[in-house]
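**Student:** Which chain is which? The protein sequence lines are A and B, in order. By the working numbering, the letter at position 274 of the first sequence is numbered 274, and the numbering carries on one by one without gaps. By the working numbering, the letter at position 102 of the second sequence is numbered 102, and the numbering carries on one by one without gaps.
Hints should not be assumed to be uniformly reliable.
Treat identical chains as interchangeable: a pair holds within one or across any two.
In the DSS-like style, the derived pairs of lysine-lysine whose C-alpha atoms are separated by at most 27 Å in a straight line are [stated by the list, open to error]:
no., residue 1, residue 2
1, K159, K79
2, K113, K255
3, K287, K25
4, K113, K79
5, K205, K287
6, K215, K287
7, K205, K79
8, K106, K24
9, K89, K130
Hints were generated in silico from the structure; no laboratory data involved. Every value quoted in this text rests on a predicted model; they were computed, and no experiment measured them.
2 protein chains.
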Amino acid sequence: MDKQQNIAILGLGLMGASLALGLKKRGFSGRIIGYARREETRVQALENGVVDEVFADPSEAVREADIVVICVPIWTIAKLAAQIVPALKPGSVVTDVGSTKSELLKTMQPLFKHSAAHFVGSHPIAGSEKTGIEAGDPDLYQGRLTVVCPSEGAPEISKIWQAVGSEVIEMSPEAHDAMLASTSHLPHMVAGALARSVADGDPAKKADFCGTGFKDTTRVASGSADMWVDIIDTNRAALEAELDRFHEELQGLIKILRGGNGDDIRRWLEEASAARNQILKLNRFLKR
Amino acid sequence: MDKQQNIAILGLGLMGASLALGLKKRGFSGRIIGYARREETRVQALENGVVDEVFADPSEAVREADIVVICVPIWTIAKLAAQIVPALKPGSVVTDVGSTKSELLKTMQPLFKHSAAHFVGSHPIAGSEKTGIEAGDPDLYQGRLTVVCPSEGAPEISKIWQAVGSEVIEMSPEAHDAMLASTSHLPHMVAGALARSVADGDPAKKADFCGTGFKDTTRVASGSADMWVDIIDTNRAALEAELDRFHEELQGLIKILRGGNGDDIRRWLEEASAARNQILKLNRFLKR
Numbered sequence: 001m002d003k004q005q006n007i008a009i010l011g012l013g014l015m016g017a018s019l020a021l022g023l024k025k026r027g028f029s030g031r032i033i034g035y036a037r038r039e040e041t042r043v044q045a046l047e048n049g050v051v052d053e054v055f056a057d058p059s060e061a062v063r064e065a066d067i068v069v070i071c072v073p074i075w076t077i078a079k080l081a082a083q084i085v086p087a088l089k090p091g092s093v094v095t096d097v098g099s100t101k102s103e104l105l106k107t108m109q110p111l112f113k114h115s116a117a118h119f120v121g122s123h124p125i126a127g128s129e130k131t132g133i134e135a136g137d138p139d140l141y142q143g144r145l146t147v148v149c150p151s152e153g154a155p156e157i158s159k160i161w162q163a164v165g166s167e168v169i170e171m172s173p174e175a176h177d178a179m180l181a182s183t184s185h186l187p188h189m190v191a192g193a194l195a196r197s198v199a200d201g202d203p204a205k206k207a208d209f210c211g212t213g214f215k216d217t218t219r220v221a222s223g224s225a226d227m228w229v230d231i232i233d234t235n236r237a238a239l240e241a242e243l244d245r246f247h248e249e250l251q252g253l254i255k256i257l258r259g260g261n262g263d264d265i266r267r268w269l270e271e272a273s274a275a276r277n278q279i280l281k282l283n284r285f286l287k288r
Numbered sequence: 001m002d003k004q005q006n007i008a009i010l011g012l013g014l015m016g017a018s019l020a021l022g023l024k025k026r027g028f029s030g031r032i033i034g035y036a037r038r039e040e041t042r043v044q045a046l047e048n049g050v051v052d053e054v055f056a057d058p059s060e061a062v063r064e065a066d067i068v069v070i071c072v073p074i075w076t077i078a079k080l081a082a083q084i085v086p087a088l089k090p091g092s093v094v095t096d097v098g099s100t101k102s103e104l105l106k107t108m109q110p111l112f113k114h115s116a117a118h119f120v121g122s123h124p125i126a127g128s129e130k131t132g133i134e135a136g137d138p139d140l141y142q143g144r145l146t147v148v149c150p151s152e153g154a155p156e157i158s159k160i161w162q163a164v165g166s167e168v169i170e171m172s173p174e175a176h177d178a179m180l181a182s183t184s185h186l187p188h189m190v191a192g193a194l195a196r197s198v199a200d201g202d203p204a205k206k207a208d209f210c211g212t213g214f215k216d217t218t219r220v221a222s223g224s225a226d227m228w229v230d231i232i233d234t235n236r237a238a239l240e241a242e243l244d245r246f247h248e249e250l251q252g253l254i255k256i257l258r259g260g261n262g263d264d265i266r267r268w269l270e271e272a273s274a275a276r277n278q279i280l281k282l283n284r285f286l287k288r
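With the hints as extra help, turn the sequences into a complete structure.
**Tutor:** Shown next as structure tokens:
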């Protein structure tokens, strides 16, 4: 990363603020220019030194930027990109942090077709159920994995994520979306369906009988609906395939409940436990 | 609770050791007599002062006990009970800590029919994924809810759970099993099916893309298979009904994936989040 570059960060919530703070903490000496829709966020961003400058107009924010990182929900990324394209510096590279890539890249292609700037899809696999600029954490991306989609400008974008401590992997948008449908989006949908299912009936009576198992298994269902609406909306086919696969696992269990014996139940449970342990053991990025 | 009573605790794992330590911490001055199958556990139980006496034969352990608490997996409770019935003191009361009650009570009725001792079903809603005597925690039952099934001897058993800080609710075995099928057993099965589903395919490739969402949503799937086999085996009909209800929630989502718009997705997610928040808000026992 050229430390004299200027970087514009559009959206100063958890992801954007963490990127700005992470760059500052690691000695980035170029200008960090922010854009935030809400005035309150702009004031906070300057007062707390999250950014060097902040604008209420995204086009103003990107005018002198070499790198632009859009840190908002997926469909808002597309809207912001349409606004800023005419203002982008020739040769500048724009990226995002969205959790799905295929639909977004399809929307981006015509926007950048006649531009001298480039768009590169990114997805840092890092986050928190906390939201907003106050949740900004300079180490959010440290030791995490970031997917970058191959295209012109990808090396410049990879350097930004590496600069905040992330390991970068290149992956096509389609492969990314199919992978994350299983490893991230499926757990989210399952947690939501479980919360709905347990609260169904008489929640006031049921509440006291919920233990830490319910609490942890449904935790992600409390995450930002603004963010998740767009993720699900833009990954429908892959999600349906993953729900089918999950449904087959449940059907296997129902078959055992109907006609299996204790050994069948034990085998199902032990395989589930082994599956989880295998994933956690092979994963290089989750703190254990 | 009469502090001069003798209590026998059969099984000195997490639940049994925590009960013994909890009673001692709160000034119980009767004798605490343990039974453990493994010699290593018996040695540890004495060395660490978990119990006052320990036996390798459950009948020896219960001979002078006024209260007997059986802290092992459900089908093992039934086996131990069959062994100890002839040795029980007239008027003594036996209970357990199993997570299902109907099947167990059906098994217990003939055993205690001609005995001068009584059996009362208990289920303290407390636990941990940790196991064994080392995991014993004097405060495991503090501030938690314990279900006691109404029958002769229930007041004596309720006093034991209250003595270690638990709030007691009386509930029929059938109502208990239907309730816990939703609030506890369903989350366990869903977590297991999710772990199996995500590890399906190429786990070595998928592992790095699993984040904290996967980790938390599947946490309980790493719990003791020994304990869970019997829970599932003894609550099949209620579990199938809960899996049906859960399946309907997933079907609602699949319908939205196929033909719904962003507003439909948002509504589904917001209802899921509200469902979880409602349960956590109404629950009086989960530490928030």
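**Student:** Next step is simple, just say for each hint if it's right about the structure.
**Tutor:** Hints, verified against the model:
| no. | hint | result |
| --- | --- | --- |
| 1 | K159 <-> K79 | within (26 Å within a copy, 64 Å between copies) |
| 2 | K113 <-> K255 | neither (53 Å within a copy, 36 Å between copies) |
| 3 | K287 <-> K25 | within (21 Å within a copy, 35 Å between copies) |
| 4 | K113 <-> K79 | within (16 Å within a copy, 74 Å between copies) |
| 5 | K205 <-> K287 | between (37 Å within a copy, 18 Å between copies) |
| 6 | K215 <-> K287 | both (20 Å within a copy, 10 Å between copies) |
| 7 | K205 <-> K79 | neither (45 Å within a copy, 34 Å between copies) |
| 8 | K106 <-> K24 | neither (33 Å within a copy, 67 Å between copies) |
| 9 | K89 <-> K130 | neither (34 Å within a copy, 57 Å between copies) |
Hints 2, 7, 8 and 9 from the list above are not met by this structure, while the remaining hints are.
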